[in-house]
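S.K.: Below, each chain spelled out in residue letters.
2 protein chains.
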Amino acid sequence: MSSFEKYLKVKKDFIDRNLKRYFSKRGNYSEKLYEAMYYSISAGGKRLRPIIFLSVTEELAERSMIKKLLPAALSIEMIHTYSLIHDDLPSMDNDDLRRGKLTLHKKYDETVAILAGDALFSYAVEVFLQTGVDERYLVQGLRYLIKAAGMDGMVVGQFVDTKSQLFKQDEKTLKFIHTKKTAELIKVSFALPAILLGCDKKKIKEIEKLGLHSGLLFQIVDDILDYTTPSQILGKTAGKDEKQNKLTYVSFYGLEKAKKFAKEESKKALKLTKKIGFKKGNVESIIELFLTRIN
Amino acid sequence: MSSFEKYLKVKKDFIDRNLKRYFSKRGNYSEKLYEAMYYSISAGGKRLRPIIFLSVTEELAERSMIKKLLPAALSIEMIHTYSLIHDDLPSMDNDDLRRGKLTLHKKYDETVAILAGDALFSYAVEVFLQTGVDERYLVQGLRYLIKAAGMDGMVVGQFVDTKSQLFKQDEKTLKFIHTKKTAELIKVSFALPAILLGCDKKKIKEIEKLGLHSGLLFQIVDDILDYTTPSQILGKTAGKDEKQNKLTYVSFYGLEKAKKFAKEESKKALKLTKKIGFKKGNVESIIELFLTRIN
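Sequence lines, in order, name chains A and B.
For any residue, its number in this note's numbering is found by taking its place in the first sequence, counting from 1, and adding 462.
For any residue, its number in this note's numbering is found by taking its place in the second sequence, counting from 1, and adding 462.
Keep in mind the hints are simulated off the structure, nothing from the lab.
Just so it is clear, the structure is predicted and the values come from calculations on it, not from any experiment.
Glycine included, C-beta positions come from ideal geometry on N, C-alpha and C.
One or more hints might be untrue.
[Said to hold, decoys possible] From the derived model, a few chain A residues whose C-beta atoms are all more than 10 Å from chain B:
id : residue
1  : D475
2  : G507
3  : A523
4  : D571
5  : A581
6  : G594
7  : R605
8  : F629
9  : T635
10 : K667
11 : L687
12 : T691
13 : L753
[Unchecked claim] Pulled a few chain B residues facing chain A out of the computed Cβ check, cut under 10 Å:
id : residue
14 : S492
15 : S526
16 : L559
17 : G612
18 : V617
19 : V622
20 : I738
Start from the sequences and build out the full structure, keeping to the hints where you can.
M.R.: Written out as structure tokens, the structure is:
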């Protein structure tokens, strides 16, 4: 195991452990709802978003700040999970498998999946508000997070992706979907620590740019993996995008050109880590992982 | 038109006008999503929650504060509407009519309804954060609002109501559902202005109690109306609770006892308005309206 692989494992375990704390058993009436939420939260996610958040935090602040900013990192993972639960629903992407396990509406039913998603989103805000920074930065940070998660961010991305018949299937739409549906929340994972720590605007903008390139890189590789990897390894139904005639980098540009785009985005991101002055190497390793990951 | 009816109309128009401002046309990709959200937001709601919020604000602060607190009032209405959209879905209460118009998934489809609900919830948080008070109170107020809207509030209420087979159909469960599903957000409409204005804890607690009694009153009368009023006047499918074997005050206690409970809650609420020292009469008139409304 390389030292970076070890780093990822330590961070993932740390996040898993802390997420679990937030879903310890509750009162009689809400127990089953928490159980459903935790089923999805604990269903084998790689925790890339909170790991990004923590590795950027380590570049910008003292070690002691990790604990204070942790609720914000966990809330991003909760928002990500809520979006997966709703995206998997029959009236959306209609997926039975996610991360190698049954999706929530398959494990329970649609009622539970819709409400667990709603609950997870509101809980994400509750948990975010436990972040240990000055209220001024807390409000600024929440504005930033919610904008990326809402109807000018993640939700409109999913909307345009699912209701494809309403939109011209061109390059602009492809870029819009990928940016909104995936890249923006990854951007937030990079830039939110800088906002919560009160960094200057210029630095926030640069980290934001780094986040957007990394997010696009992530989604392009996702498109490539959906096309090239068997379901068993992918942990979700592979080739689904193709079957559903989804607009992806592979369907629009072909496999080779998609790979080229991914490489370009990774180069831009890596260049920015140098410009920003990140020194520990973990952020760079995450970007390299985004390019080379197999599932 | 009585002066209170005039008061309600002026307030409702003010809220409608300001809600409209928040849903003015957007970019190409999000236009249809905004359109769907606004369809539900503008579908004839009585705006009781923001009217409560504004009438309590008028009791506690200078007139100039109305404008500053308005985004919080609107965000409560958005959260209320988001919950109606999701509650009406086929896998939930499966309702075709709401406020005399087609429900959102009937007007569009389930995909649009789920996403418009999600978008409305995140937008509610965005709009709430525009409230013009000190960040300390803003954070405190949002914690309060989100707790009532989330999985220890409104969502768990809907969960227990919809998944009734999982829970003992007794008095405790009936009270739990009504408190969580309806009363808590009405409680917030009463108490949130006090929190945002930095009132002392004792006053907040009293207003909260007033809100809970009013909220229970509202839901008991809702049960009675569902049982006694034809769909055409009710603006939604009447007798639905009965058909779905829902636990209501009427199904559990019978009509006469339910009416008695409603009267008791209204008395408790009215007594509290005196204790708190509300002077303008509008809060009292709202409570009386809750008891006497026909739809």
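S.K.: Find the nearest Cβ of chain B to the Cβ of T691 (chain A) and say whether that gap is larger than 10 Å.
M.R.: Fine: 27 Å to the nearest Cβ keeps T691 (chain A) off the interface.
S.K.: Does A523 (chain A) clear chain B by more than 10 Å, comparing its Cβ with all Cβ atoms of that chain?
M.R.: Non-interface label stands for A523 (chain A): nearest chain B Cβ at 21 Å, farther than 10 Å.
S.K.: Report holds or violated for the interface hint on S526 (chain B), using the least CB-CB distance to chain A and a cut-off of 10 Å.
M.R.: Result: violated, 22 Å to nearest chain A Cβ.
S.K.: Does the nearest C-beta of chain A fall within a distance shorter than 10 Å of the C-beta of G612 (chain B)?
M.R.: Holds, because the Cβ-Cβ distance from G612 (chain B) to chain A comes to roughly 3 Å (cut-off 10 Å).
S.K.: Is the Cβ of D571 (chain A) more than 10 Å away from each Cβ in chain B?
M.R.: violated (7 Å)
S.K.: For the hint on V617 (chain B), does the least C-beta distance to chain A fall short of 10 Å?
M.R.: Check passed: Cβ of V617 (chain B) comes within 5 Å of chain A, closer than 10 Å.
S.K.: Against chain B, does A581 (chain A) hold up as non-interface, every C-beta pair farther apart than 10 Å?
M.R.: Violated: least Cβ distance 3 Å, not greater than 10 Å.
S.K.: Using Cβ atoms and 10 Å as the threshold, tell me whether L687 (chain A) really stays out of contact range of chain B.
M.R.: holds (25 Å)
S.K.: Please check whether V622 (chain B) passes as an interface residue: C-beta within 10 Å of a C-beta belonging to chain A.
M.R.: Status holds, d = 5 Å.
S.K.: Minimum C-beta separation from T635 (chain A) to chain B exceeding 10 Å: can you confirm that?
M.R.: Label violated. Min Cβ-Cβ 8 Å, cutoff 10 Å.
S.K.: Does the no-contact call for K667 (chain A) survive, Cβ to all of chain B over 10 Å?
M.R.: holds (21 Å)
S.K.: Hey, does R605 (chain A) actually stay past 10 Å from chain B on C-beta?
M.R.: violated (5 Å)
Consistency with the previously given hints fails for numbers 4, 5, 7, 8, 9, 15, 16 and 20, ordered from lowest to highest.
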